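A.B. asks: Residue strings, one per chain:
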Amino acid sequence: MTSTASAVSAAAADTAPAESPRTPRKRKRGRFLFRRLGFYLVAAWSAITLNFIIPRLMPGDPSAAIIDQLERVSGQSLPPDTLVSIQGLFGNPDDNLFEQYVAYLAQLARFDLGVSIVNFPVPVADLVAAGLPWTLLLVGTTTIAAFVLGTALGVAAGWRAGTRFDAIVTPLTTFLSSVPYFWVALLALWAFGFVLGWFPLAGGYDPNIPISFDPAFIASVLQYGALPAATIVFSAFGGWMLGMRNMTVTTVGEDYVLLAQAKGLSPARVRWRYAARNAMLPQFTGFAMALGGVVGGALLTEIVFSYPGIGYLLFSALQKRDYPVMQGVFLLVTFTVLVANLIADSVYVWLDPRVREES
Amino acid sequence: MKYNIFGNGKVAFGVILLSFFVLLAVFGPWFTGSVLGLDARANDITAIAAPPSAEHPLGTTQFGQDVLAQVIEGARGSMFVGFLGATIGTAIAVLIGVPAGYFGGTTGNFLNFLTNLFLVMPVLPLIFVLAGYLQGTGLVMIAFIIGVFGWAGGARTLRAQAMSVSNRDFVQAMRMLGESDRRLIFTEVMPHLYGWIASMFLGGLIGAVMAEAGLAFLGVSDSSAISWGTMIQAAQQQSAVLRGLWWWFVPPGLCIALVGTAAALINFGVDELANPKLRSASRRVAKRTAAVQRAALVPEGV
Amino acid sequence: MNEPVLEAVDVAKHFAVANSVGDSSVVRAVEGASIRLEPGRITAVVGESGSGKTTLARLLARFYEPTSGQIRLDGVTVAGDGIRRSTVPKSYRKAVQLIFQDPFGSLNPLHRVRHNLERAVRLHHGRLGRTEVDRRMASLLERVSLTPASDYLDKFPHELSGGQRQRVVIARALAVEPRVLLGDEPISMLDVSIRLEMLNLLDKLRREDGLALLYITHDIASARYLCDDIVVMYAGQMVEAGPKDAVISDPQHPYTKLLVESSPDPHRTTATDRDDIFGAADELGEPPSLIDPPPGCRFHPRCPFAMEKCRTTPPPRAQLADGRWADCWLHDEGRADELTHATMTERITRKLTEEPR
Amino acid sequence: MTFTQTMRGDGTAVTTASDIVLDVDGLSVEYASAGAPVRACTDVTFQLRRGEILGVVGESGSGKSTLITALTRLQRPPAVTTSGRIVFHPQSGRPGIDLVQLKPRALRSLRWTSLSIVLQSAMDALNPVMRVGEQFVDVLRVHDRSMSRTAAWAEARRLLGLVGISADRARSYPHELSGGMRQRATIALALACRPELVVMDEPTTAVDVVMQRQILAQVLRLRREFDFAVVFVTHDLSLLLELADRIAVMYAGRIVELASAQDLYRTPMHPYTRGLRDSFPPLHAPLERLEGIPGTPPDLRALPSGCPFAPRCPAVMERCHEHLPLLTPRGDRSVACHLHDEELVR
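Protein chains in written order, with our numbering: chain A, 1 to 359; chain B, 360 to 661; chain C, 662 to 1018; chain D, 1019 to 1364.
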């Protein structure tokens, strides 16, 4: 019961164990991460299972429809292994659900995500693998950039809460964080690509330069990526900033910040080492909530810029009802987000010696 | 204790803005049809992709449809999905979050686990996949999917709040009197959560509007429906950007952003209501303090 | 001795707590506690935070069930050994009520005074007419000196002062017409100048209504002012009990003595020099962890009298004159008179600073 | 220590220069609220002698917390110091410094080296994500830039040792210490830069009486060793009577009585002081029925005209409702009460 919980926490606080400082803490952190890892594994399993269930819940027989479609696209009957693979993913009329599920898991373990309808007979795994680096590059860098920028601005606004800076920047950011990503992307493309002509209008790199690691190609990647990246950062930093602003305001009122001022420390030290350092912690626990939105928005942004990542892949798949690709993308995005969350948790554990777990 | 949220400039502005869009969604289409004599679906072949003019205040699309009429018609579509999606999402959040926080224990842990699961799942791609299977379904279905997958963040907040309220002495005291759990939840705990639920609903509203726009942008929508999302998608498909038809895609996006801003501003006020520290950090307090300061003529050291 | 209304017999309460990383351990919040509450009598339980006094009060209020031992109402075992855990019946709620420490927290800020009283009246007195409910509410407020009642019924908690709120809380508890009132530090959050009024009110209820009262406090002087008997708790266990003046003026347990010596007393007649009063109390130790309490007597790590058997075997209960008792080996050894020789603060500091811990 | 009494222009007896460490004169603090500003501290005047423990006692709404943040120049909006001086007299004999007028940079260099503070809850006062020792190190090195990190850590360990905390605890985080240890650590922290004045805000309300006794014993010992003055703010008069040299009683934002602890206990001049004293039941002396002070402390937003204590005062007179009594010296103590008006005394 809830009453017990409060009494216990009070009792536990009184009897704060006088443990020796060093080693147990490291072990504690390890165990915390281990538990989180367990949770993410369950989450991954849930995503896999969801992926299994969705097509089987749909009216009609997606499996037969896809096979039919594949045969029409290729103009021949499917090779047996492809047939098995599609039936494994979308349903085999001869097996019961449990057999199907076991076969499905075994198939995923081999990274067999079926073949694409549109790009028959390219395996989905290959398509996704080709798009992933681009998305990771774009979403990864922009997520970090937006996080850093938003957090820094949030500290600035929260620290100077009530000043003109705060009074202007905060509502403005509220507006920015309410703007749909892809619309900002459209505007940016129109203004900087079409009207001003500063940036290319589509793609992730200059198609005239072969894909390699030579400077010319990298330069083209930067040139093509700049505008999509900028729009994602532009749309995403506001959320981080508003959260950080409010946390900073709350933290500034804490006694330890007051004491830091009383100690005569420099304002910068008080602000960063005492206020921001503590205000930042909830940013990491809220990471999961924010990341989902950022990733979704970034996928849409890719579409506007015809960026060769998995967002664009998803778009083409949706347009042409390429279900194997859609589901492959969903699995991959989910896994990536889970890994990102695990990283955020690790950072959190590293930042907060109390490893306060919310459960 | 007494704090008038409408006395807060941000909230007042947000409420006005949101009310405007609600009214637009409800009465707008009648207004455009009967008063302005515009039809969102009519094709004016004399004005194809025309810039704003007296006849078409916001210009026309590639198909000669009036953008203003479409924006107003789209308000109805988008706001409908927004309200329905937010209602469903908030309802689930309340049903999961409040018991999770109030009861704790095994029940609470399970509900919390469920919440966390939905929280780490990237909801948007999931919705895309689901909606992909359900292509061509109506706005109701889309709102439904958005609601069913978008409740986790709200449930998490509600759980934390319900837990903290349930542990407060007044709930325990009423339990001591012999009040039932049902009464404790509804008369003692829930009234403290209304602010959060309202804020969650607004968050869900803008989330649903954005998600619908995103789905429409991906081509997942009812082909006959008009929403701000379908407008942007149509513009994108007809390469409006590359042809400089800004009047086509700017208004619907701006509308989404304004609805979002309105919701966020109202939420800001709710936050300030819940957290007195945020309240004292407002511009008004700073101004008042400065005024007293000036009157006192004692320079402030810190 | 009168028959007790409410009684705890050898109760223990263990909490399973999950620490920050989810490893669980057991907090032994209360062990081996027995207490009798008689009509018209006030018993104080005195102890520091973490001594288990609040847990004891909540066990008696049946906030949670005892891990072992029994709770008896009118001699009938209602909770504990042999009783299956169930919901607390209304009859128990009607007999026993608890006053919380924080008058700001124990009234729902969103409800008027009226709501609180009305719910209490209606829950326990069946169907009553509007006028009857109003009459009862008015008389309740009158009993806690909130008059005229009409001035208070429609107020929200934030419109009342701390003292007024605590009066409302008491009125709410009285509404069920309980026979036992458990006060969990009922005055510690109130302003000093209004605490006495609250104590006097509790005293009046005891005298006029014959309530059995349990007064939980860390303030031994207020316990002396209000109560008849004092029970001293340390680290989850009761260490000494008896009539208040005897316990305070002539403590028979080293911890009681330390507690009395440490309590401020402005009306002190002996030492007046500040340094004398505070002495060389440089190191008095701290209560042990309740997760892993020390074996033997729980006070032994701090106790200047600690002997070998104190470290290994829990002390037996020494029954003393006037119904007093103390759990200390000194009595068994015939060394109890040593307690009067020097101040505890001096002795403990000497012991703890000389011996490396 | 020598006391030289002089008369100031306004007739107040003052002990001068070298014996005074802090001279607070006419200090008023207002909160800029939505309506008219609320005065939480009004015309607070007192002198703190070098090495003295001055107790400030008051209930909720008495303005004692506001006084602390004003004295230490730590107040935040919407609180504003509207008038008065807080003159700090350094031991070195340099001229007094008015903290109210001081520029931020100069104030920062004065902080902790001359004026430090101990807050009520050590759990909240220590940065939860910094090692306890590190919180000593940063302040040590800010005020002594020549100090190496190693030397600062050694000093931190030494300081913790002063309050009976073993050196290896310096590397602990605050949550790893017990409540009593944390509070002792914050006291050691307050002494890190050898201040001449330490403001203590209810430093022992969060700990139990035994730990309170221990902490105060340590404070007294350290004060003998380092010779700092203490402003000790609390709601617990019974504790102050044992601890403080002099006590200032605050009510509704004003000091209503200021006297030595003994005088205040034996012959309280203000009815509020008397009532407060009699609100503490004795621990040993014979018991009698006590009444406390009827009524409730006033709302600062709606103070009655005249004496704010008048509605609760057992000795209230007609003039109390009309004229506000001001803090007036009576021998070596002062009181703000019409009972002691010249013509009535005679």
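The hints are simulated quantities; they were obtained by calculation from the structure and are not laboratory data.
Only a predicted model underlies this, so the values are computations on that prediction, with no experimental measurement involved.
The reader is advised that the hints may include incorrect statements.
[Stated by the list, open to error] Derived CB-CB ranges, DEER-like:
| hint | chain 1 | residue 1 | chain 2 | residue 2 | range |
| --- | --- | --- | --- | --- | --- |
| 1 | D | Asp-1162 | A | Gly-38 | 47 to 53 Å |
| 2 | C | Ala-1003 | B | Arg-542 | 57 to 63 Å |
| 3 | A | Leu-136 | B | Met-500 | 30 to 36 Å |
[Unchecked claim] Taking lysine to any residue and the SDA-like style, the derived pairs with C-alpha atoms no more than 20 Å apart in a straight line are:
| hint | chain 1 | residue 1 | chain 2 | residue 2 |
| --- | --- | --- | --- | --- |
| 4 | C | Lys-751 | B | Arg-542 |
| 5 | D | Lys-1121 | B | Tyr-492 |
| 6 | C | Lys-816 | D | Arg-1319 |
| 7 | C | Lys-1012 | C | Ala-967 |
| 8 | C | Lys-816 | C | Glu-869 |
| 9 | C | Lys-755 | B | Gln-652 |
| 10 | C | Lys-755 | C | Lys-918 |
| 11 | D | Lys-1121 | D | Arg-1094 |
| 12 | C | Lys-865 | D | Pro-1312 |
| 13 | C | Lys-751 | B | Met-549 |
| 14 | B | Lys-646 | D | Ala-1054 |
| 15 | A | Lys-320 | B | Tyr-492 |
| 16 | D | Lys-1121 | B | Arg-653 |
| 17 | C | Lys-918 | C | Pro-965 |
| 18 | D | Lys-1121 | A | Arg-160 |
| 19 | C | Lys-755 | B | Arg-542 |
| 20 | C | Lys-751 | C | Tyr-725 |
| 21 | B | Lys-646 | D | Pro-1312 |
| 22 | C | Lys-1012 | C | Arg-996 |
| 23 | C | Lys-755 | C | Lys-816 |
| 24 | B | Lys-646 | D | Ala-1052 |
| 25 | C | Lys-751 | C | Lys-816 |
| 26 | B | Lys-646 | D | Arg-1094 |
| 27 | C | Lys-918 | C | Leu-981 |
| 28 | C | Lys-751 | C | Glu-803 |
[What the hints assert, rightly or not] A partial selection of chain D residues facing chain B, derived with a Cβ cut-off under 7 Å:
| hint | residue |
| --- | --- |
| 29 | Val-1098 |
| 30 | Gly-1111 |
| 31 | Pro-1113 |
Glycine is no exception: its CB is placed at the ideal position from the N, C-alpha and C atoms.
A.B. asks: Look at each hint and say if it fits the structure.
C.D. replies: Each hint, compared with the structure:
1. D/Asp-1162 to A/Gly-38: 47 to 53 Å: holds (49 Å)
2. C/Ala-1003 to B/Arg-542: 57 to 63 Å: holds (58 Å)
3. A/Leu-136 to B/Met-500: 30 to 36 Å: 33 Å Cβ-Cβ, so the 30 to 36 Å window holds.
4. C/Lys-751 to B/Arg-542: Measuring from Cα to Cα gives roughly 15 Å; hence the hint holds.
5. D/Lys-1121 to B/Tyr-492: violated (68 Å)
6. C/Lys-816 to D/Arg-1319: holds (19 Å)
7. C/Lys-1012 to C/Ala-967: holds (10 Å)
8. C/Lys-816 to C/Glu-869: Violated. C/Lys-816 to C/Glu-869 sits at ~28 Å, over the 20 Å cutoff.
9. C/Lys-755 to B/Gln-652: Distance ~57 Å between C/Lys-755 and B/Gln-652 Cα, so the pair is violated.
10. C/Lys-755 to C/Lys-918: Status violated; Cα separation ~38 Å.
11. D/Lys-1121 to D/Arg-1094: OK: D/Lys-1121 and D/Arg-1094 at ~16 Å, within 20 Å.
12. C/Lys-865 to D/Pro-1312: Holds, at roughly 16 Å.
13. C/Lys-751 to B/Met-549: violated (24 Å)
14. B/Lys-646 to D/Ala-1054: With Cα atoms ~14 Å apart, B/Lys-646 and D/Ala-1054 stay inside 20 Å; holds.
15. A/Lys-320 to B/Tyr-492: holds (11 Å)
16. D/Lys-1121 to B/Arg-653: holds (17 Å)
17. C/Lys-918 to C/Pro-965: holds (12 Å)
18. D/Lys-1121 to A/Arg-160: Given pair D/Lys-1121, A/Arg-160 holds - Cα atoms ~19 Å apart, limit 20 Å.
19. C/Lys-755 to B/Arg-542: holds (18 Å)
20. C/Lys-751 to C/Tyr-725: holds (15 Å)
21. B/Lys-646 to D/Pro-1312: violated (39 Å)
22. C/Lys-1012 to C/Arg-996: Answer holds: C/Lys-1012 to C/Arg-996 is near 18 Å, not above 20 Å.
23. C/Lys-755 to C/Lys-816: With a Cα-Cα distance of about 26 Å, the restraint between C/Lys-755 and C/Lys-816 is violated, given a limit of 20 Å.
24. B/Lys-646 to D/Ala-1052: Holds, because 11 Å separates the two Cα atoms, which is no more than 20 Å.
25. C/Lys-751 to C/Lys-816: violated (28 Å)
26. B/Lys-646 to D/Arg-1094: Judged against 20 Å, a Cα distance of about 13 Å means the pair holds.
27. C/Lys-918 to C/Leu-981: holds (16 Å)
28. C/Lys-751 to C/Glu-803: It is violated: about 26 Å lies between the C-alpha atoms, which goes past 20 Å.
29. Val-1098: Holds, because the Cβ-Cβ distance from D/Val-1098 to chain B comes to roughly 5 Å (cut-off 7 Å).
30. Gly-1111: violated (24 Å)
31. Pro-1113: violated (18 Å)
The structure does not agree with the numbered hints 5, 8, 9, 10, 13, 21, 23, 25, 28, 30 and 31 stated previously, though it agrees with the rest.
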